[in-house]
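With the hints as extra help, turn the sequences into a complete structure.
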Amino acid sequence: MAAEFSMLFVNRAFTVEEPVVFKYDKKLYSATVKNIEVMDFSKLNPKSNMAGSPKAAHEGFLTANSVIVFEKVEGSLITFTGKSKGKTAHTSIINPDWDFTKLGIGGLDDEFSGIFRRAFASRVFPPEVIEQLGMKHVRGILLYGPPGTGKTLMARQIGKMLNAREPQIVNGPQILDKYVGESEANIRKLFAAAEEEEKRVKLCSVTWRLFPIVLN
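Counting along the sequence shown from 1, when you hit position 9 you're at 9 in the numbering used here, and nothing is skipped either side.
These are computed hints drawn from the structure, not numbers from a lab.
Given the structure is predicted, the values throughout are model-derived calculations rather than measurements.
Be careful, since some hints might not be right.
What follows is a list of derived Cβ distance ranges for each label pair [to be verified]:
# : residue 1 : residue 2 : range
1 : Leu77     : Gln132    : 24 to 34 Å
2 : Ala119    : Asp177    : 49 to 59 Å
3 : Lys136    : Ala193    : 24 to 34 Å
4 : Glu198    : Thr149    : 30 to 40 Å
5 : Arg188    : Ala119    : 22 to 32 Å
6 : Thr149    : Ala3      : 41 to 51 Å
Yeah, the Cβ is synthetic: ideal placement off N, Cα and C, and Gly gets one too.
Written as structure tokens, this is what we have:
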């Protein structure tokens, strides 16, 4: 239904609380626009105090890449299936209360800007948009340099910036063990909390949280 709606109304302006009538599968449907979110690409600048998350708006244009989510009103006999069933599962990866001016990292603006642009800028968009654009997320970053240059501090602050659990800071030598299999067991322990979260998510149908691990 979302794809058909997008084809019918692409490049059309909508406003909140606007009624819309459209035909799908030879049947007429009536809908009301309840929420509009827009993305401002200029807010993806990490030197700004804006996190770059979608911003609520009263009006906006529907584009070919817009994400449409249908929700049925109480008492409706309509049943949704597929990706648009219920509310969107996308949650911003950036903490909405985060302020980049309070980063607390001096002299590393260019380095942090590169990290944010390569690893996190694409993740503020819903998965459906990333899939349509054919983009792939960066899955890992290696910070290297002599001791005392701010690698651990930057990793810790990035963990706080994310809408996630407090990052685990682990020293590499602590993982190693002289007994066979103990090093592997120590690595598995790092993911124990994430595994418990996975069980809770499946049981309660709640939203996933990230579990950052910083290996120092």
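Next on the checklist: Under the constraints set out in the numbered hints, which ones does this structure not fulfil?
Outcome noted: Failing hint: just 2.
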